[in-house]
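All chains should be built: construct the whole structure from the sequences, respecting the hints.
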Amino acid sequence: MKGGLECHRLTFTRQSPDGREKRVLNDLNATFFAGQLALIAGETGAGKSTLLHALAGLLRPTQGEVLADGEPVSRWVSAHRDLWRRKVGIVFQSDRLIGDLSAMENVFLPLVPRGYRPGECRRLAIKALRRLQADGFATEAVHKLSGGERQRVAIARALVSQPSYLLVDEPTAHQDGNSAAAIADTLLAVAAAGATVVVTAHDARILTSGITRHRYQLECGRLRMKG
Amino acid sequence: MSKSFLSPLFFWAVRDLKRRPLESCLLTAALLFTVTLTATPLLFTQAATTTWVSILAGGPSLVVREFNTMGWAPIPADESVAIAKNVTGVIAARARVWGHVAGPSGLLTVIGIDPNRPPPWATLIPNEGEVAVSVDIERDLAAADLTVIGQETATLKVIGEFKAHTALAVNKALLVHIDNAREILGLPSGYASDLAIDVFNPAEEAAIQPDLAAAFPRPVRITTRTESAGIHTAGLARRGGVAVVILVPALLALCLLVTVTVRERLGRRFEIGLLKALGWTTGDIVSLQALRAVTIGITATVGGMFVAFILVYHHDSNWPGIFYTEWQNLPTRLSFNPLDLALPLLEATGLVVLPFLVATIGTALRCAVSDPGEMLERNYF
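Residue numbers (the numbering used here), protein chains in the order written: chain A, 1 to 227; chain P, 1 to 381.
For the record, the hints were derived by calculation from the structure and aren't laboratory data. Just to be clear, a hint being listed does not mean it is correct.
With a Cα cut of at most 20 angstroms, we get these calculated SDA-like pairs of lysine to any residue [what the hints assert, rightly or not]:
1) A:Lys22 x P:Glu374
2) P:Lys18 x A:Gly119
3) P:Lys18 x A:Leu101
4) P:Lys18 x A:Thr139
5) A:Lys87 x P:Thr281
6) P:Lys85 x P:Glu205
7) P:Lys85 x P:Pro217
8) A:Lys87 x A:Gly194
9) A:Lys144 x P:Glu271
10) A:Lys127 x A:Thr139
11) P:Lys18 x A:Ala138
So this is what it looks like as structure tokens:
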């Protein structure tokens with residue numbers, strides 16, 4: 001496969017609190033192509049976030065592999081995966097922002113180790129925030145922001161480095177209708193620019209919006225195509 | 001992309017320090033004081049050694065003392081000067097009258113001054129019955145007279161105080177007329193305490209010794225300038241070394257504190273996991289911690305060295321004398337040589353800043369090598 005992310009017989013096992021092993025992802029096969037937006041639906045606890053984390057190189061699969069542009073990144077040693085992760089933008093289910101930093105500082109965090117000048121970091125961060133209509137509170141500490149505002153900051157943070165792979169977990173959970181639509185448009189634009197975009201959601205607005213025909217359902221650790 | 005010459009990680013390290021200002025300030029202060037405590041005795045030792053060398057450079061090459069079965073004995077002034085001048089390599093010889101006497105509050109050094117041939121450093125020339133006193137002598141300032149007890153008791157009129165450049169070498173000194181000095185010290189007329197000799201080539205100091213000793217009809221003991229410097233600087237170096245060794249437990253405590261602090265900070269593993277998820281490598285995270293530590297280390301080193309410099313070289317600083325040489329009320333005027341800063345700087349860096357950096361970077365490395373998912377998971381799932 002060239003251009004995109006592929007899961008090949010991906011299995012992820014987790015130990016439950018009572019000590020039993022639970023297969024969160026079970027022999028999962030899927031291909032997410034570059035330039036497309038893929039939407040994954042599933043019940044709470046179905047393993048959507050685990051799948052995104054495995055795709056982002058944050059978790060090593062118990063079995064199987066993740067290929068990025070044909071390269072088996074899930075098998076790479078940590079040092080190589082650390083560097084590859086710079087091509088990935090990820091939005092976590094809970095925003096995972098650093099509360100005492102401003103929105104702008106949170107957004108330019110991914111740029112810091114890439115050698116940009118501080119002024120350039122700020123400029124790119126503001127640009128990303130503006131894209132999400134979040135530049136109005138760029139200098140506010142994020143612990144003062146509402147859930148919806150924090151979510152938009154988290155999306156801006158994922159977009160700021162112009163990732164090749166954008167993995168977004170529940171992007172519209174805390175948004176009103178207009179903001180949800182704007183976010184969906186932004187994600188489509190990123191995909192249209194050539195990135196591989198994978199979005200998980202159980203927000204009915206985005207599931208029924210028809211923003212993409214590449215729709216999947218995650219059930220029993222396996223991915224079933226719906227579109 | 002516009003790349004920065006100075007690593008953006010450095011700016012972020014400074015920003016990261018500002019996130020926890022109290023912790024950063026306390027750590028910097030702890031390190032600064034440790035650098036000060038380490039550098040001060042080292043700097044004092046260096047400065048005192050330089051001062052000694054400078055004082056001795058202005059003094060005689062050789063000092064000759066006469067001894068008999070009872071110990072030290074007065075030396076006949078004119079005869080000894082004539083003998084010394086006949087030795088090849090000697091260019092000047094002068095008889096000195098000096099010794100120790102009891103003063104109102106302890107031992108004093110009496111130095112006899114010949115008004116016809118005053119030494120260049122003597123700014124006050126006492127006549128008979130007069131005395132010039134060094135500033136460190138404890139006395140009743142209202143009283144115009146000073147009584148000293150040697151072989152004879154004498155009451156002298158105080159004509160003023162002097163601050164000698166030689167304060168490190170000679171303290172609690174009295175300048176008196178040479179005849180008064182002989183009376184007080186019990187020296188017969190025409191006799192001196194010792195003989196100061198200058199030689200043509202300082203490198204020949206040691207070589208001239210046997211000839212000089214052989215020229216005198218009575219047993220003499222000859223001390224070279226190098227030997228005098230060695231005796232004093234070895235004592236200072238020993239005290240400085242002991243002071244630094246005493247600090248070793250403090251340094252170990254500091255390293256432990258740093259390790260605990262860094263581990264606690266990195267213990268918030270969510271933040272490290274997040275940074276790695278955002279494209280930071282293990283190297284970036286360790287570099288960030290290293291830059292934080294270097295920022296603190298440089299600030300503490302510069303600050304600590306500055307404080308040590310002020311403590312040692314400040315014009316009226318008298319504590320080093322009290323602390324290291326047990327002299328009271330003595331403003332030690334130490335000679336400054338910029339090179340004297342190098343060794344204390346290197347030693348303070350090696351003893352304090354380097355262990356601090358190693359503790360920081362080592363701890364950061366151990367904490368940052370895990371996979372990000374592992375670090376994020378604890379809070380996430």
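Hint check:
1. A:Lys22 x P:Glu374: holds (17 angstroms)
2. P:Lys18 x A:Gly119: holds (19 angstroms)
3. P:Lys18 x A:Leu101: With Cα atoms ~11 angstroms apart, lysine 18 (chain P) and leucine 101 (chain A) stay inside 20 angstroms; holds.
4. P:Lys18 x A:Thr139: With a Cα-Cα distance of about 16 angstroms, the restraint between lysine 18 (chain P) and threonine 139 (chain A) holds, given a limit of 20 angstroms.
5. A:Lys87 x P:Thr281: With a Cα-Cα distance of about 13 angstroms, the restraint between lysine 87 (chain A) and threonine 281 (chain P) holds, given a limit of 20 angstroms.
6. P:Lys85 x P:Glu205: With a Cα-Cα distance of about 14 angstroms, the restraint between lysine 85 (chain P) and glutamate 205 (chain P) holds, given a limit of 20 angstroms.
7. P:Lys85 x P:Pro217: holds (15 angstroms)
8. A:Lys87 x A:Gly194: holds (13 angstroms)
9. A:Lys144 x P:Glu271: This hinted pair holds, its Cα atoms lying about 19 angstroms apart.
10. A:Lys127 x A:Thr139: holds (14 angstroms)
11. P:Lys18 x A:Ala138: Status holds; Cα separation ~19 angstroms.
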